[in-house]
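Protein sequences, first through last, are from chains A and B.
Note that full-length UniProt numbering gives residue 582 to position 582 of the first sequence, counting from 1, and the numbers run on in steps of one.
Note that full-length UniProt numbering gives residue 413 to position 413 of the second sequence, counting from 1, and the numbers run on in steps of one.
One thing to keep in mind: the hints can contain errors.
What the hints assert, rightly or not - Not the full set, but computed from the structure, chain A residues with beta-carbon under 10 Å of chain B:
(1) Ala218
(2) Met255
(3) Gln257
(4) Gln380
(5) Gln486
(6) Leu503
What the hints contain is simulated information worked out from the structure, not anything from laboratory work.
Small disclaimer: the values here were computed from a predicted structure and weren't measured.
Idealized CB from N, CA, C, for every residue including glycine.
Residue strings, one per chain:
There are 2 protein chains.
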Amino acid sequence: MADYLNMDTLRFQLFGVHDLSRLFAYERYAEYDKSAIEIFLDAVKDFSDQDLFPYFREMDESPAKFEAGTVKVHPKIGEAMRKAGELGIIGGPYDIEDGGMQLPNIASHAAYYIMEAANNHVPGYLGLTAGAAHLIMAFGSPHLKATYVPKMLSGHWGGTMCLTEPQAGSSLSDITTAAAPTDDGTYLIKGQKIFISGGDHEYNENFVHLVLARIDGAPAGTKGISLFVVPKYLPAPDGQLQPNDVVTAGDFQKMGQKGYCTTHLAFGEGQGTIGWLVGQPNQGLKYMFQMMNEARIAVGRGAVSIAAAAYHASLQYAQERPQGRRLKNDGTKDVSAEQTLIINHPDVRRMLLSQKAIYEGALSLVLQTALYHDLYEVSQGPEKEKYHLLLELLTPMAKTYPSEKGRQAVDNGLQVLGGYGFCSDFVLQQYYRDIRIMAIYEGTTGIQSQDLLGRKVTMEKGKALHWLTEEVMETISAAQTFDGLQPYARELGEKLLVVKDVLNHLLPYAAKGQYERFLSDATLFMEMMSTVTVAWQWLKMAVQAKKALVIGDASFTSEFYESKILAMRFFFKYELPEVDSRAASLKNAEALTLLDQKELIC
Amino acid sequence: MADYLNMDTLRFQLFGVHDLSRLFAYERYAEYDKSAIEIFLDAVKDFSDQDLFPYFREMDESPAKFEAGTVKVHPKIGEAMRKAGELGIIGGPYDIEDGGMQLPNIASHAAYYIMEAANNHVPGYLGLTAGAAHLIMAFGSPHLKATYVPKMLSGHWGGTMCLTEPQAGSSLSDITTAAAPTDDGTYLIKGQKIFISGGDHEYNENFVHLVLARIDGAPAGTKGISLFVVPKYLPAPDGQLQPNDVVTAGDFQKMGQKGYCTTHLAFGEGQGTIGWLVGQPNQGLKYMFQMMNEARIAVGRGAVSIAAAAYHASLQYAQERPQGRRLKNDGTKDVSAEQTLIINHPDVRRMLLSQKAIYEGALSLVLQTALYHDLYEVSQGPEKEKYHLLLELLTPMAKTYPSEKGRQAVDNGLQVLGGYGFCSDFVLQQYYRDIRIMAIYEGTTGIQSQDLLGRKVTMEKGKALHWLTEEVMETISAAQTFDGLQPYARELGEKLLVVKDVLNHLLPYAAKGQYERFLSDATLFMEMMSTVTVAWQWLKMAVQAKKALVIGDASFTSEFYESKILAMRFFFKYELPEVDSRAASLKNAEALTLLDQKELIC
């Protein structure tokens, strides 16, 4: 079997670059050591090799499909969920007393990264079930926890998040699903939800929907949204399951991720659908954002996984396919010579290195974000606040950078194969289709970008950005102590100043009350700032690699460490310069997208 | 029916920006006037509305497929070919004495642009048939011309170009298909060809393959390649067709363009395949390049067409879909207000304008290239040489810019629809899949880029670049006479200097014999130079629009003209700055893709 990811690179990032082991000093993670995490990840890799990767192409070729009132998915999905439950993956990061493993979030993300690189159609079922269970753990009553969480963490019951409605799309303030209180404290839920991933199939005994709805008389907008647990089947005390009038009305056939069903659910159109309020009324969106924030990082991670797998598939092809000859010094080719492997053509190598620089950089960004999550959970006082702000600031970038640039990486991977890349016999075209959804899931790139510039950068008077700058400066200082890294340290410092310069240009618009103008090019700001942030991750990786080379750390070969430094240089040569072109656009005074006239688009 | 392109924009470019009418002064085109061209294009639009667009989704849903020895395609394809033959489209640009219409190439490209925007799966059948017929007209014997050309131009027989072989891919010097002379002056052809577009189906009576092969004893490499006409069926003098041992061995199922079959052909594996030499022995690649160069422009045009159709589909959605609200000055939203149409969100408008700026700019580049082709055909002496050089220089850009940036445009179109963009019920995902092949067909982006930097820019001591610079400077001068265009004129002039500066940096590598280093980042050079070239086209369009506004030309509304100037400004704000980031990468001294060690990619 061709490998779909590089476990060494993952270990290097986890234990080297991000020093996961530092977490073991905290009580929450005191039961773990490096070897325990490695054993867990190896088990996840075995599971992925055996139960996920072999079914990846099949799931694309035989899509999940709504037929005769039910959704048909690949039979492996139910089995994989229960195996993942047994391995502790679903409950991974949650408290032991809730049935979880109290695994560091960074290790849990590493586990999903492995699974998603093997088969990005399956882990969504696990991740949504975990996220829904976590909402119940965090905000639900003891009764809800006892009734639902164990069955979810074991993979027997699926979980979903039900936000989107046909008339509202991304505009959550416009949802209309209604919740009418009943005498026994439950609610009757009525409404339609669309784009519900993993919303129904025959291989889970039950589905536990976490549904946003309005209690009768609630205020308009997002302030009137409450959160409900709405099971597909009502569990009776004797364990019997009774239908709860949750009807699958249809599905959405998609260009990619075809094994991961996307459903249209109707609540309360028959005898009535019962739901249980989670936490307090009208606080639903706040609660849901716990799951949303987790899901946003997860989407970014999914995009990294696909980019990683695509890289390895195109790398393998380039190492096996002979074609053409290298240029001689005079620009001619020796046609009597044997053909060379295409990996030896500079342009092919450029495309491969571009994939590598993007996916490994994006992976490091995702793991960095997850680590901040962990540090936030275990810290106290000002430390806690710092890590919370860093987590908040990095989340939209961890979601968006991999989704956007990962697409470009996969695109390069497809191109490496030439005509074969476009053919269904080769897997690249599947990765190309699969990854496209990532920039849409859980808030589009436009929405993430408005979150980054409009909320995260400015929150608490820019304190999050202050902390991020501190973190970057620390890496720059470390890099300056190594021969050969100074130029890159200097360059990163300069680009950081470019970001500040752009902010100095944009923030006055907000101050002047021109808020729409302030945010109109937020997507470009996202591109610029996330590129700088990933450059920081690359410099951090290069520092770690240099350190290892200097002290003779034999965890990996010296070629391995050198390869990381080369990829950093590649990123700085080919990716980082885009910061300046984005800055030029952002500082351009023309406001071309705020004009009202329709005829402008003719 | 939603429209899939803007005929006004096409007319503006043809008759305004590129002043097609100037061609009527030449004898070759003396029979035409503006109205004749318009009537022809309107007929093509009607044909596209009736016979192409309605079948576009069907062809994707029921792909062309190899079954039981034959290729099943959509039944409409045969009918559409014969209708296109009747309309004169297939023979369009060729000599009247050869059965063509002596239509200007620019008008022929406009016709294909319309058809491809309606349905990009069908016109390839026409274009290849036309190109193959043109090869026979240009280099074939009178016997070959009489036997094949009329049936091809009428759409009854299909034509193909057979270059690629399994072991050779893009490396044509490695093709091994053999041609053994027989006593009667014909050849026995033996070999396999793959990726043959439009290579076989039941709705054409015959297929005329233009095959590259080596005559026994021919020199190695591309100098030993000859061109042959190899029909699927041998036409007897009485019109009967006899099998010629051309066997369809299989097909390639693809991610997109599924209605356009891609076949694997085997020649001479049974009783023997007869082929006729075209022109002189060992000159085959030179002849084939006539068709290749035409096909390269056609591929770029196909990409523009898809980007145009995707733009119109996403524009329509954005004008109909309400979602969310505009930001108020303080950054809040009024949730009690009606939802706004998504076209009113700046980020959606940015994505739409980005599509428009790319596709209209790319269309103008394609038409400019076609116009140079026309001017080359009708000019004499130094003029002829100038237009030949301009045609040669622009061809790789006309192929590549639309293929690469058109993909980005379609990607934005898909994103405009959010989750629906990823769903099979909406057409955007089809455009997204279809356009992906364009960067691969007829020489990948890497190959086009090496052609641009390694051959076209340097040929005849840089004379082509000299002429292009003259052309750009002429537009800059014209722009400087209009209030409001001066800043853009200045900026384009500056970017032209950036290109020269980069060349001054790169050319010494070639002079020093470091040819591989010289070309290692050719793809970035392509991005940079084609962006400047399209910026020139935009400035040209803006000049034309300004002129029309000043003199009160009522061919189009003033909103229409203003919209072109706005799109130019958009291009200059959002696209043109990338020139500098590419230049920074190109001038970076690190040669990271020339290193030999395999472990660099680990």
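Evaluated hints:
1. For alanine 218(A), the shortest C-beta to C-beta distance to chain B is roughly 12 Å, which exceeds 10 Å, and the interface hint is violated.
2. About 4 Å separates the beta-carbon of methionine 255(A) from the nearest beta-carbon of chain B, less than 10 Å, and the hint is met.
3. For glutamine 257(A), the suggested interface contact is upheld, since its CB lies about 8 Å from the closest CB of chain B, less than 10 Å.
4. Because the beta carbon of glutamine 380(A) sits about 33 Å from the nearest beta carbon in chain B, more than 10 Å, this interface hint is broken.
5. Evaluation of the glutamine 486(A) hint against chain B yields a violated restraint, the C-beta minimum of about 15 Å exceeding 10 Å.
6. Because the beta carbon of leucine 503(A) sits about 16 Å from the nearest beta carbon in chain B, more than 10 Å, this interface hint is broken.
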